[in-house]
Amino acid sequence: MDKSTMENSNEDLDLFRSIEYTGNGFYWTVGFLIFVIAFGLYGYFHQVLYGLGVTGMAQPISWGFYIVNFVFFIGISHAGTLISAILRLSQAEWRRPITRMAEIITAIVLAIGGLHPILDLGQPGRMWNLVTNGRLQSPLLWDVTSITAYFAASTVYLYLPMIPDIAILRDRGVKPKWLYQFLSWNWQDTPEQKRVLERAINILMIMVIPIAVSVHTVISYIFAMTIQPGWHSTIFGPYFVAGAIFSGIAALMIAMIAFRKIFHLERYLKLIHFQYLSTLLLIMSIIWFYFTFSEYLTTFYGNEPDEMRVFNYKFIGDFAPYFWLMVFCNFAVPVIILSFKKTKTIPGILVVSFSVLIGMWLERLIIVVPSLANPRLEYPVGIYIPTITEWGLFAAGVAIFILGFLMFAKYFPLISIWEIREGRESSIKEVAHRLQSYMPDTYEEDELERALK
Amino acid sequence: MQESGNHRWGMVIDLNKCTGCGECVAACKVENNVAIVGAEESEMDRTMFWMDIITTHEGEYPDTEVTYFPRPCFHCDNPPCTKVCPVRATYRNDEGIVTQIFPQCIGCRYCMAACPYTVKSFNWFAPDWPEEMNSSLNPDVSVRPVGVVEKCTFCIHRLQKAKELARAEDRELREGDYLPACSESCPTDAISFGDLNDPHSEVNKLAKSLRAFRMLEELGTEPKVYYLSKVE
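Here the protein sequences come in this chain order: A and B. One point on numbering: in the numbering used here, the residue at position 165 of the first sequence is 165, and numbering is uninterrupted. One point on numbering: in the numbering used here, the residue at position 167 of the second sequence is 167, and numbering is uninterrupted.
Honestly, the hints are just simulated from the structure, not real lab data. Please read these numbers as outputs of a predicted model, since none were measured by experiment. It is possible that part of the hints are untrue.
Counterexamples of contact, computed for chain A against chain B with all Cβ distances above 12 Å [to be verified]: (1) G23; (2) L49; (3) P60; (4) A200; (5) T217; (6) L350; (7) G404.
Quick partial rundown of chain B residues pointing at chain A, CB under 8 Å, derived from the structure [to be verified]: (8) E60; (9) P62; (10) T64; (11) P86; (12) R88; (13) A126.
Even for Gly, the Cβ is constructed at its ideal location relative to N, Cα and C.
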């Protein structure tokens, strides 16, 4: 290692703190999370032993928390890779400290969300039937396919930009050495390696966008492909994708705020990053409202009796408190708080992010349950009260997410060190050059040459 | 008519004749080993009926009109449930009966969510009977394990028996050889059953009656259970 890289590695010491320093708080938190996860697993064990009867699901509400949380978690997982890919693609320079965290959220939450349909199976032991007898005509198989594709793509997309950072850790001699030795793939920072890496990231970043969009689209198809009132809607695909990005940004900002607070990363995660992201959140909130409005106005104006029963159940019936709380959380809160400079602060953004998470979870609940509760034929309207097992597994899902995030932070930098350095070294020059090329009457050298030919 | 594929089994239920006595429901439960859930479970809406009775009320008291609709599975020709099954645990066989393959079902309950008639039941717990009933289970129908979806099969085991008998006697299947338990037990003969493809069968004629209609016909599911509307 030459002298200049030595200096460089000392420069971003803050970013190594989560890896090289372990406080008591870490152990306490991990202990608590493991307790929550164990409680959830105990509930699941109970469920496998006795059957899905231990949940609050019944007839006709035969889908409950597991499916709601499945859609919710997969939605959050969209924050990551999609946002990171879009920011990279649009060469947004402020992305540098954000992308890694976004990507790790995707990988962890996708794994959690993807397991949820298995929690919901009456016969989980027969899961292999999906492979041996799988029917590709079933939207459930589309899900299996696209979620696995997304998981594969997003973990690779998380890993590749980590290689230079892992090499930095290896060179610093961080323990366990074998881990960094193995994962760094003999990265030596040569120009050739850099070129290959950049190319790989570029290809993946383009590939991952359509996969991400497809994932949430086909999740909406589970509902939209049936002819049930409230589900059979053509805008469900884009509606779900927009909602997914919306809740994903909120989750990303909560993670960023927590991480920044715990490890004092105010130097890296600045107010400006939060303000840019929250502007994006505000836009998504308005898009969400637009979709919701279109969806329900169409139902209301069409006034079909079966559709209206579900509609009324949501607007003035049993689900009205949830419905209006959802509108409040997803639209009123973000628009009010994020529209004013005075409230667009870190605490304000934190409040909005939590509000959006609650609102989007409610939206998933409001999509799944009311349609099932109001069957077309004249059965009594169903009720659904989740049991402790379902709450326990929900809590365990959240706990696994936090634990996964913590463990990742324990072993790898949550902010991409090499990308920060790259930004510091070359991005001002690059951006200046780029801006120059936007101006009238200025030509890039090669452009000039081409014009002359 | 011996070969499969020529038949299209269907049912016609005369609402004028139905008194709502519930005999079909009871006969179905006994015939098909449908689990009897306890009071607590029943309170939670987990009762299991392959044949159920839907009661509708029209008009204000005292001029109310009560109608009972016995409701089996409608065995749609275009079933929304089989389309969505990820493992082919439910499918429409070549005689039009929508069947369930219990050992193949993974219990995702997608078919339950997709059925516009809400006819499917799920085994929330392992099925259980009062001690005395265990010896009276029907040996022709498999007892379902916990965690699978089930529903009316038009007593398809009776079709197998009828076919075997016909083959043994070296003759074709005759009208009335194959009747589901509900149809057979109905004290007012409100439930007719037979081959819709047979131009001489009773169901064929009744299904063409001006009174005949099908449930939620506008959905295009093509149910094979017809109702004859009430007339004064």
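Hints versus structure:
No Cβ of chain B approaches the Cβ of G23(A) within 12 Å, the least distance being about 44 Å, so the stated non-interface status holds. Under the 12 Å C-beta cut-off, the non-interface status given to L49(A) relative to chain B is violated; the minimum distance is some 10 Å. Not every CB of chain B lies more than 12 Å from the CB of P60(A), the least distance being 5 Å, so the non-interface label is violated. Even its closest Cβ contact with chain B, about 34 Å, leaves A200(A) beyond 12 Å, as expected for a residue assigned away from the interface.
Here T217(A) stays apart from chain B, with its beta-carbon at least about 17 Å from theirs, past the 12 Å limit. The beta carbon of L350(A) is kept farther than 12 Å from every beta carbon of chain B, the shortest such distance being approximately 37 Å. Against chain B, the non-interface label of G404(A) holds: every CB pair exceeds 12 Å, the least being about 26 Å. With a cut of 8 Å, the hint placing E60(B) at the interface with chain A is violated, because the nearest CB-to-CB distance is about 17 Å.
Hint on P62(B) is violated. Least Cβ distance to chain A is approximately 21 Å, over the 8 Å limit. With a least beta-carbon distance of about 14 Å to chain A, the hint placing T64(B) at the interface is violated under the 8 Å criterion. The closest approach between the C-beta of P86(B) and any C-beta of chain A is roughly 4 Å, which is under the 8 Å cut-off, so the hint is satisfied. Given hint, R88(B) at the interface with chain A, holds; its Cβ is 5 Å from that chain's nearest Cβ, closer than 8 Å.
About 6 Å separates the beta-carbon of A126(B) from the nearest beta-carbon of chain A, less than 8 Å, and the hint is met.
Comparing the model with each numbered hint stated earlier shows that hints 2, 3, 8, 9 and 10 do not hold.
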